[in-house]
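Colleague: Next come the chains, spelled out residue by residue.
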Amino acid sequence: MAIISVENISKKYTDIQALDNVSFQVNEGELYGMIGADGAGKTSLFRILTTLMLADKGKAKVNGWDVVKDYKKIRNSIGYMPGRFSLYQDLTVEENLHFFATLFNISVKKNYDLIQDIYIHIEPFKTRLAGKLSGGMKQKLALCCALIHRPSVLFLDEPTTGVDVVSRKEFWEMLCKLKKQGITILVSTPYMDEATLCDRITLIQSGKILSIDTPQGIIKHYPDSMYGLKSSNMNMLIYDMQKAENIKSCFAFGEYLHLSFQNDNEAARDELRNYLTEQGHQNIELKQIMPNIEDCFIKLMEK
Amino acid sequence: MNEVVIKTDKLTKRFGDFTAVDNITFDVSQSEIFGFLGANGAGKTTAMRMLCGLSTPTSGDAIIAGFDVYNQTENIKKNIGYMSQKFSLYEDLTVIENIHLFGGIYGLDNYQLKNKTDELIEKLGLQGERNKLVASLPLGWKQKLAFSVAILHQPKIVFLDEPTGGVDPITRRQFWKLIYDAANQGITIFVTTHYMDEAEYCNRVSIMVDGKIEALDTPVKLKQMFSAKSMDDVFLRLARKAQRTSD
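Protein chains in written order, with the working numbering: chain A, 1 to 303; chain B, 1001 to 1247.
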């Protein structure tokens, strides 16, 4: 059953089309990712689904309720963690948690089991003002406050932006645990590597959906064979590859360049090796690799 | 061997009884792309503020572009560029106004300003946007413009604090091309990032844990040292040892 359904939603701010005819569905119990850079329209979409903003066109439902007509019911049944830290900086950790529980007319004790695994990390600092917490701890407290009324759907808008690799990993481990408790989660992120941790994802750019599928499905549909290329002089390799022939696409990707050929065959690969040797490159390594989500995103952006 | 442009010796900063930066010693050479990594709260920002002449060290020494961080901070500021994800340009000024403002602050005269401005606008392909407010530019363009403005005065070193956060994958790569171009012109790049693929683009990388530099080498050597497949693994292994959690 679709817990979130979005049908032809559009939103325009003066001269910027933030969302352009966006449609997708999130099923019960799914961990669903909205993957896109800043300005893709992720936050606008979250604000529409959490009933904080009206769309110009289209329909959207959460838990079967309409985001316009049934906004009160929706607000009682969802948890929302906005991109910007929105707790009370001048209340302590403990006070913030109690405040949000009280808003929903329940006690912290009643739903403590749901947040226990997360809260335990910040409990030693429960008397500290929220404004004095580190980035990683603020994020954990915000998640606890979004969960304390036991929502059936959780909206997390860029929870890991600006957060280091270790905290990002921990955060995703927490999300996987929450998913096991049956909570449907819609999460947005600009980090492409996090996409593989979702059940399904939407790739979004400039208000338009580029693709919707499982991460594996998106990778499987990458149309070309992809190769990783490196040599002893990576700096020069990027420049020399701009002049190489028969190359469809080529860009830097960590340790390797990722490339695909116009006409891909053994002869083409030999020709490239010869060309690079002529340019003075040593220790040339060219190997076929699996594309990742970021490769697919770049390919879809280029269309 | 290239000239050393950043030299620190046991550089330390304490706030009360909290040691934010703990005895860090390292050198960075001219034209080098130096990745400065660490978890949130490891002490990167505090260290960077000392290197930029914005914060006086508690103890230790550092020479930046030939100047001392204790008593030559004004000379340091003239010889470096700085850009961060959070603050870079004035949103309510146009592209041209931003270039003129920062060029003026960095001490360019009117003749230089005019030439540099035209050169920059053309290089970035912003001819149609010259007189538009920076607020109306897409993030990726802003970041490319901010970087170009930060090196307008041909500084010896440019400090980049998470310059590519939130930027789309194609623009992120265009941004790194600008970084390579600047390094090829002899500018030293000192950069922090949360993208581990970008750590691979650096000539050398240091990883800070709890105020100390726990590892410093080329990405290839770091991976060998920790028998790790990627810089991601190297980082996770080191940063997981961290004891402190505050920023």
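Read the hints as simulated data drawn from the structure, not as lab findings. Glycine residues also receive a C-beta, built at the ideal position from the N, C-alpha and C atoms. Treat the hints with care, since some could be wrong.
Said to hold, decoys possible - Calculated cross-link-like contacts (lysine to aspartate or glutamate; reagent style EDC-like; alpha-carbon spacing at most 20 Å):
no., chain 1, residue 1, chain 2, residue 2
1, A, Lys169, B, Asp1210
2, B, Lys1241, A, Glu285
3, A, Lys169, B, Asp1217
4, B, Lys1221, A, Glu255
5, B, Lys1177, A, Glu170
6, A, Lys169, B, Glu1032
7, B, Lys1221, A, Glu285
8, B, Lys1132, A, Asp15
9, B, Lys1229, A, Asp15
10, B, Lys1177, A, Glu294
11, B, Lys1241, A, Asp15
12, B, Lys1223, A, Glu255
13, B, Lys1223, A, Glu285
As the list claims (entries may be wrong) - Chain B is faced by these chain A residues, among others (derived, beta-carbon under 10 Å):
no., residue
14, Asp15
15, Ile219
16, Tyr222
17, Gly228
18, Tyr239
Colleague: It remains to establish, for every hint, whether it holds in the given structure.
Modeller: Hint check results:
1. The hinted pair formed by Lys169 of chain A and Asp1210 of chain B meets the criterion: a straight-line CA distance of about 19 Å does not exceed 20 Å.
2. Taken as a hint, the Lys1241 of chain B and Glu285 of chain A pair is broken in the structure, with Cα atoms around 34 Å apart against an allowance of 20 Å.
3. This hinted pair does not check out: Lys169 of chain A and Asp1217 of chain B have alpha carbons roughly 24 Å apart, beyond 20 Å.
4. Taken as a hint, the Lys1221 of chain B and Glu255 of chain A pair is honoured in the structure, with Cα atoms around 12 Å apart against an allowance of 20 Å.
5. Distance check on the hinted pair: Lys1177 of chain B and Glu170 of chain A sit about 32 Å apart at the alpha-carbon level, beyond 20 Å; violated.
6. About 30 Å separates the Cα atoms of Lys169 of chain A and Glu1032 of chain B, which puts this hinted pair outside 20 Å; it is violated.
7. For the hint linking Lys1221 of chain B to Glu285 of chain A, the alpha-carbon distance of about 18 Å falls within 20 Å, and the restraint holds.
8. Between Lys1132 of chain B and Asp15 of chain A the CA atoms are separated by roughly 14 Å; this keeps the pair inside 20 Å, and the hint holds.
9. Proximity of Lys1229 of chain B to Asp15 of chain A is assessed by CA-CA distance (about 46 Å); at most 20 Å being required, the pair is judged violated.
10. Taking the CA atoms of Lys1177 of chain B and Glu294 of chain A, the gap is near 18 Å; set against the 20 Å cutoff, the hint holds.
11. Restraint check: the Cα-Cα separation between Lys1241 of chain B and Asp15 of chain A comes to about 49 Å, which exceeds 20 Å; the hinted pair is violated.
12. The straight-line distance between the Cα atoms of Lys1223 of chain B and Glu255 of chain A is roughly 11 Å, inside the 20 Å bound, and the hint therefore holds.
13. In summary, the hint linking Lys1223 of chain B to Glu285 of chain A is supported, as the alpha carbons are separated by about 18 Å, within the 20 Å threshold.
14. Checking Asp15 of chain A against chain B: minimum C-beta separation of about 8 Å stays under 10 Å; hint holds.
15. A cut of 10 Å between beta carbons decides the hint on Ile219 of chain A: the least distance to chain B is about 15 Å, and the hint is violated.
16. The beta carbon of Tyr222 of chain A comes no nearer than 14 Å to any beta carbon in chain B, farther than 10 Å, and the hint placing it at the interface is violated.
17. This hint is violated: Gly228 of chain A has a C-beta 12 Å from the nearest C-beta of chain B, more than the 10 Å allowed.
18. Interface restraint check: Tyr239 of chain A against chain B, minimum CB-CB distance 9 Å, threshold 10 Å, status holds.
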